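Undergrad: When you get a sec, could you build the whole thing from the sequences and use the hints?
The sequence shown runs 1 to 127 under my numbering.
These aren't lab readings, by the way, just hints derived from the structure by calculation.
In this text, all values refer to a predicted model and were calculated from it rather than measured experimentally.
Computed beta-carbon distance windows for the label pairs:
| hint | residue 1 | residue 2 | range |
| --- | --- | --- | --- |
| 1 | 21 | 82 | 35 to 41 Å |
| 2 | 24 | 73 | 22 to 28 Å |
| 3 | 5 | 111 | 19 to 25 Å |
| 4 | 111 | 79 | 14 to 20 Å |
| 5 | 98 | 27 | 28 to 34 Å |
Glycine included, every Cβ here is placed at the ideal spot set by N, Cα and C.
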Amino acid sequence: MEKPQLGQVLWQDLTVQDAEGIARFYQQVVGWTPKPVPMGEYEDFGMMSGETMTAGVCHARGANAALPPQWLLYVAVADLEASLAHCEALGGERVAGPNAMGADHFAVIRDPAGAVLALYQSGAQNS
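TA: Here it is in C-alpha cells:
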C-alpha cells in the first residue's frame with residue numbers, strides 16, 4: 001500500500017441497522033451499485049460508481065455496533081495512539097477501537113462538539 005498523506009480523507013462509510021435497505025436507497029438516490037462484501041455471517045456493501053468503490057454501507061454489528069448512523073470519514077494520522085491521547089486530553093472521547101484491519105489500525109472518536117471521525121494509521125506509515 002502506498003503511504004497515505006497525513007490528514008488526507010481516505011474513505012467514507014455509513015453504519016446502519018439495515019445496510020441492505022440503505023444500500024438500495026443510495027442506489028436509487030445517487031446511482032451507486034451495491035457490491036456485497038463478505039463479513040462472515042453477513043454482507044456489508046461497497047458502493048460502486050462505475051468500476052470505482054466510492055463508499056461503504058455497513059451493518060451495525062460486531063466492531064461497528066457502537067457507531068452512530070451517519071457518514072463517517074476516515075483520516076490518515078501518523079500515530080494512532082498519540083492522536084487518541086490528544087483527543088481525550090482535549091475533551092474528546094473514543095467511540096470505538098482501536099481496531100486492526102490487516103497491518104492498519106483505526107479508531108472512531110467523538111470531538112467536544114459531538115461530531116465523530118475515524119482516525120486511520122496505515123501500516124505503510126512507518127515504512
